[in-house]
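Chain B: place on chain A using the hints.
So the sequence lines, in the order shown, correspond to chains A and B.
1 is the number of the first residue of the first sequence in my numbering; add one for each residue after it.
1 is the number of the first residue of the second sequence in my numbering; add one for each residue after it.
Hints may contain errors.
Per the computed footprint, the stretches of chain A lying under chain B, defined by three or more beta-carbons under 8 Å from a beta-carbon of chain B, are [what the hints assert, rightly or not]:
1. 179–186
2. 197–210
3. 338–349
4. 375–381
5. 412–426
Now the stretches of chain B that chain A is said to cover, found in silico as 3 or more residues with beta-carbon under 8 Å [what the hints assert, rightly or not]:
6. 99–110
7. 161–175
8. 182–189
9. 193–203
10. 367–379
11. 428–438
Simulated from the structure, these hints should not be mistaken for lab results.
For clarity, every value in this text was computed on a predicted model and none was experimentally measured.
Each residue gets a CB set at the ideal place from its N, CA and C atoms; glycine is no exception.
Take a look at the letters that make up each chain.
There are 2 protein chains.
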Amino acid sequence: MRGPDRRLAACLAGLRELLDTRCSTGQSLRELHARDEGWHLPGLPDAVCFPKTAPEVASIVTLCRRHAVPVIAFGTGSGMEGQINAVQGGISVDLSGLDQILEVNAGDMDCRVEAGVRRMTLNTHLRDTGLFFPVDPGADASLGGMAATRASGPNAMRYGTMRDNVLALEAVLGTGEIITTGTRARKSSAGYDLTRLLIGSEGTLAIITKLCLRLHALPEALRTARVHASDLQSLLDYAIALMQAGIGMAKLEVMDEVAVRAVNLYAGLGLEEEPTLLVEFAGSAATIDHEVDFALALAEDFDLPKPVWAASPEDRSRLWKARHEVAHAETLLRPGSRSLVTDVCVPISRIARCIAETRADLATIDLIASIVGHIGDGNFHVSMLIDSGDSREIALAEAAHDRLIDRALAMGGTSTGEHGIGLGKMTHLRREMGGGVDVMRAIKQVFDPDLILNPGKIF
Amino acid sequence: MRGPDRRLAACLAGLRELLDTRCSTGQSLRELHARDEGWHLPGLPDAVCFPKTAPEVASIVTLCRRHAVPVIAFGTGSGMEGQINAVQGGISVDLSGLDQILEVNAGDMDCRVEAGVRRMTLNTHLRDTGLFFPVDPGADASLGGMAATRASGPNAMRYGTMRDNVLALEAVLGTGEIITTGTRARKSSAGYDLTRLLIGSEGTLAIITKLCLRLHALPEALRTARVHASDLQSLLDYAIALMQAGIGMAKLEVMDEVAVRAVNLYAGLGLEEEPTLLVEFAGSAATIDHEVDFALALAEDFDLPKPVWAASPEDRSRLWKARHEVAHAETLLRPGSRSLVTDVCVPISRIARCIAETRADLATIDLIASIVGHIGDGNFHVSMLIDSGDSREIALAEAAHDRLIDRALAMGGTSTGEHGIGLGKMTHLRREMGGGVDVMRAIKQVFDPDLILNPGKIF
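Isolated chain A, as found in the complex:
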């Protein structure tokens, strides 16, 4: 055997001793752990492990380190930038077995969970407390994976992202050491913020095994409205005016006409195929009507059609479900295609121009593309439908993708608002952060001196 093969064989022998059948080299299981929901090429891991505890994760990392085998943390595989693709082979560590909700402290509005707990499982568990965990990236992702990718989603404008809603982490470093990064206190000035350093580190610094999370009170009242107009600019101007009025909103989303068409095909909603704003107002029963009245009056000031209110909770949830599933829906616009989906985030005042220039740019390439955005954060997604066997189409889409990021950076924005760097934006990170990237690389060495954790990502 060659050196790498011999090392892998020794590592696998150790892993089997540790985990027995919870270490598998079966082809289909490996394929299930080879790619996320993004557009990047798969990377087949050599084996998949299913630990049940943090000490088991630490033992796996220690073994892999001894044998110089890559370790890739796997949550649910719902990422977008290839973070879990095992591009250099190695061991995929599936954390779904770390599935315990350890405690819910309703009085403190916090909870402790293992990293494999999914967000919907947690919210179901919380149902009777009047509390919920608000970060919602669409997919029913694991909370550890959401922390690792600094996930956000539509609720971020009101409740913040994973950055804001994690009080502390337990994590296994690339040395096999287990550390805890904080306490249950809501704020702290004790030393460097290791919690925030691990959030968004995409499995390259440590494997997250436990999280202490902030919970929020469910709003007493919610109202959802939809406004459409042929003119995207006036919709966005209206959205910004709503924000600046300090209205209590939980979500403020935009879909362009292509995204609406996709959702209509997918869910048969029969929406007008025009740029559309979705707004969710949240507040107390006593005050929400004031805010809704204000929003209605403001729409008139902007010469927009009267907002359409979701009449029932079912209507409301159908509307949001459509928004959430737009990624799946749009493939119906070109059956058999794959979506090159990306995201950028710009200062809010620039989002209208950034979307308009992006639409104009997309019109010059012959690909179906849709835009949806979290307006409240200046964050939007572009999805281009490509034939993944057609290198010309891929090149066209990738070039448009580069131009999009240049555009966002030139407007004072970032190359990714919520998807992360992963495999897809490594060159853009350098353009955005300059010498900061070298600092990041050096920090990586501190946590993972042998560079075994998720190699080939971010840098």
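Same frame as chain A, now just chain B:
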């Protein structure tokens, strides 16, 4: 000359060439930069420099590195844990000359400032925009210093701390390199969160030279109320009930009877000398009265006296000014004394018990001591008045301080909510963070390989 003296002389020669009279070794200027407002022993810097630009800061750091001379960043000296005390000598870098407000983007609700700009200067500058910067540690600190110590204060419960309100930083590393840690985008998933890593690093990783800050809309309406009761527990129960009701509050502060007595002496307010809750409600003119009515009814449910409302803006500001100046006020309770002031932060449900146990503990030592707290975060301050020439008193106070931190850690809290580690809590940090401290030390090496930045702090 001995080696250290020779190195210092060479460094000073270089600094004078660079800065001319903006590098001073005058005794009185050095003494003004030798200690903050906390209780720690002073540390006299060998010189004080007054750069005006980030490149000048970089040149100072580069010179100091070449000659192995410590560099201590100085904002306004309003810290509490000796962060700016030059305990190993070296060059105090006074950043007050970096005083430009570079841009205010009202539409994006952000601004860019140099690190020496003070928070009140910024808020005065913003007066006509309807926006403000909410983080308020009491003192009129510099924004760079506030970021370096992860400052917060009463507004943190609604608006967050410096952690939450800084979008990006420019900073000079211990190598002299200048980096930028982010963009103006409100969120990002691009690489490791260097912004949050520098926030709270107390001048040990880098010297912050510019900040991009989030701004907030000034609330349309504010109401301030005061409730007092002989029984601290029922006041805190009421406070927690207000929080759990999701009422729009900006501040929720408690003062014990000793703190109220101090404030009465200082400002002649004539408040009842009992534990006192101060609440500031913030919201829209249309909705705030609903919330105030709710708060009044709730006080009745808790058998509390009717809250007393500040009738005029002047009353309101006098009340908050008293709260802010409690630190100065309490020295009137024992003229000539110095205050050993500290802070801890615990899960909110524990704060009543933690304060009660702390009061009981303080009763066993023969020192005047007061407690004030930011209830909304579970954060409170204890101030013990000592004769700084009396080693017995110092020992008693330090032992009570240790017991306080043990108590907070045992309740799932942190050794400091907002003051930082500095000189005062280095041993406690190890108890709180365990192996995480070694990771922090290794990160320090990345940013500051020759360990010249603020040596003797945190570790």
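Are 3 or more residues of the segment 367–379 of chain B near chain A, judged by a Cβ distance of less than 8 Å?
holds (count 3)
Within the segment 99–110 of chain B, is the number of residues with a Cβ closer than 8 Å to a Cβ of chain A three or more?
Coverage by chain A holds for the segment 99–110 of chain B (5 residues, Cβ < 8 Å).
Holds or violated: the segment 193–203 of chain B covered by chain A, criterion of 3 or more residues with Cβ-Cβ distance under 8 Å?
holds (count 7)
Examine the segment 161–175 of chain B: at least three residues should have C-beta closer than 8 Å to a C-beta of chain A.
holds (count 4)
Test coverage of the segment 412–426 of chain A by chain B using CB-CB distances below 8 Å; three residues minimum.
Since three or more residues must qualify, the claim that chain B covers the segment 412–426 of chain A holds, with 11 doing so at under 8 Å.
When I compare C-beta atoms, does the segment 338–349 of chain A have three or more residues closer than 8 Å to chain B?
n = 5 at 8 Å, threshold three: holds.
Check whether three or more residues of the segment 182–189 of chain B sit with their beta carbon closer than 8 Å to a beta carbon of chain A.
The restraint on the segment 182–189 of chain B holds, since 8 of its residues have a Cβ under 8 Å from chain A and three suffice.
Within the segment 428–438 of chain B, is the number of residues with a Cβ closer than 8 Å to a Cβ of chain A three or more?
Check passed, 8 qualifying residues.
Coverage criterion applied to the segment 197–210 of chain A (partner chain B; beta-carbon cut 8 Å; 3 residues)
holds (count 5)
Between the segment 375–381 of chain A and chain B, are there enough contacts, at least three residues with CB-CB distance under 8 Å, for the coverage claim to hold?
holds (count 3)
Verify the coverage statement for the segment 179–186 of chain A against chain B, using a C-beta to C-beta distance below 8 Å and requiring 3 or more qualifying residues.
Holds, because 8 residues of the segment 179–186 of chain A bring their Cβ atoms closer than 8 Å to Cβ atoms of chain B.
In the structure shown, no violation is registered for any of the earlier numbered hints.
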